[in-house]
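Asks: The chain contents come next:
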Amino acid sequence: KAGVTQTPRYLIKTRGQQVTLSCSPISGHRSVSWYQQTPGQGLQFLFEYFSETQRNKGNFPGRFSGRQFSNSRSEMNVSTLELGDSALYLCASSLNGAPYEQYFGPGTRLTVT
Amino acid sequence: EDQVTQSPEALRLQEGESSSLNCSYTVSGLRGLFWYRQDPGKGPEFLFTLYSAGEEKEKERLKATLTKKESFLHITAPKPEDSATYLCAVHILMDSNYQLIWGAGTKLIIKP
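Residue numbers (the working numbering), protein chains in the order written: chain A, 1 to 113; chain B, 1 to 112.
In case anyone wonders, no lab produced these hints; they're calculated from the structure.
Being a predicted model, the structure only gives us computed values, none of them experimental.
Where is the CB? At the ideal position from N, CA and C, for every residue including glycine.
Mixed in with the good hints, there may be bad ones.
[Said to hold, decoys possible] Cut-off 27 Å, straight-line C-alpha distance, at most; resulting in silico cross-link-like pairs (BS3-like, lysine-lysine):
1) B:K68 / B:K42
2) B:K69 / A:K1
3) B:K57 / A:K1
4) B:K63 / B:K107
5) A:K57 / B:K42
6) B:K42 / B:K63
7) B:K111 / A:K1
[What the hints assert, rightly or not] Take a look, some chain B residues computed to stay more than 10 Å from chain A by CB distance:
8) V27
9) A53
10) E55
11) A77
12) Q99
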């Protein structure tokens, strides 16, 4: 069974630009969650989508948004990038919905210059 | 304030030297506690879910236990491939929705 895939794996953007990250969950999983991981703050929850509906949301500004498609693939968009957005962005899929038994992808390393 | 603290921050052991990692929490209304391991450059890998005090789960050289204030991840006769960062996360309910509070992790290094 294929695992969670994320594209791209690495990304360099300039402050003020926007970026879209993609996540394909494990086949059959309808839940996709997004996390930001930084050395200083650790893992922080962004939002969860379940069957195309946002089910939960963390405390991030509105510049961070997401969506989920009918095939459960999900995208996360960050607009007006700031230097502090540099981080590893992880997505995780779950059969029964977060926070239960989540399977993480390898992440997208975003660097904002 | 809900808080999850992992200790130690880093632990170096010789191969075969057993030890324990700690995850202590101060939260209202624990719904569950999760353990993950994370290798460098990869996403976390699910290990265990514990739901109530007294519960224990085992997998190969790892054993997770839960009390009302903390969880331990016991590593028996570790091997170099057990080297990773171990993360715990606590599941609580807040404003009728779930919240997952992550610890900062313990970096475990097993020397051959």
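Asks: If a hint holds in the structure, say so; if it does not, say that too.
Replies: Hint check results:
For the suggested pair K68 of chain B and K42 of chain B, the alpha carbons sit about 31 Å apart, so the restraint of at most 27 Å is broken. For the hint pairing K69 of chain B with K1 of chain A, the CA-to-CA distance comes to about 37 Å; that exceeds 27 Å, so the pair is violated. Our distance criterion of 27 Å between C-alpha atoms is met by K57 of chain B and K1 of chain A, whose separation comes to about 25 Å. The suggested pairing of K63 of chain B with K107 of chain B holds, with an alpha-carbon distance near 17 Å, which does not exceed 27 Å.
The suggested pairing of K57 of chain A with K42 of chain B holds, with an alpha-carbon distance near 24 Å, which does not exceed 27 Å. Our distance criterion of 27 Å between C-alpha atoms is met by K42 of chain B and K63 of chain B, whose separation comes to about 23 Å. For the given pair, K111 of chain B sits about 33 Å from K1 of chain A by alpha-carbon distance, which is inconsistent with the 27 Å threshold. Once the 10 Å rule is applied to beta carbons, V27 of chain B is consistent with being away from chain A; the minimum gap is 13 Å.
For A53 of chain B, the condition that its CB be more than 10 Å from all CB atoms of chain A holds, with the nearest at approximately 19 Å. The claim that E55 of chain B is not at the interface with chain A holds, since no C-beta of that chain comes within 10 Å of its own (minimum 15 Å). At roughly 27 Å, the least C-beta separation between A77 of chain B and chain A is larger than 10 Å, which holds for a residue marked as non-interface. Remark: the non-interface label on Q99 of chain B conflicts with the geometry, its nearest Cβ contact in chain A lying 8 Å away (cut-off 10 Å).
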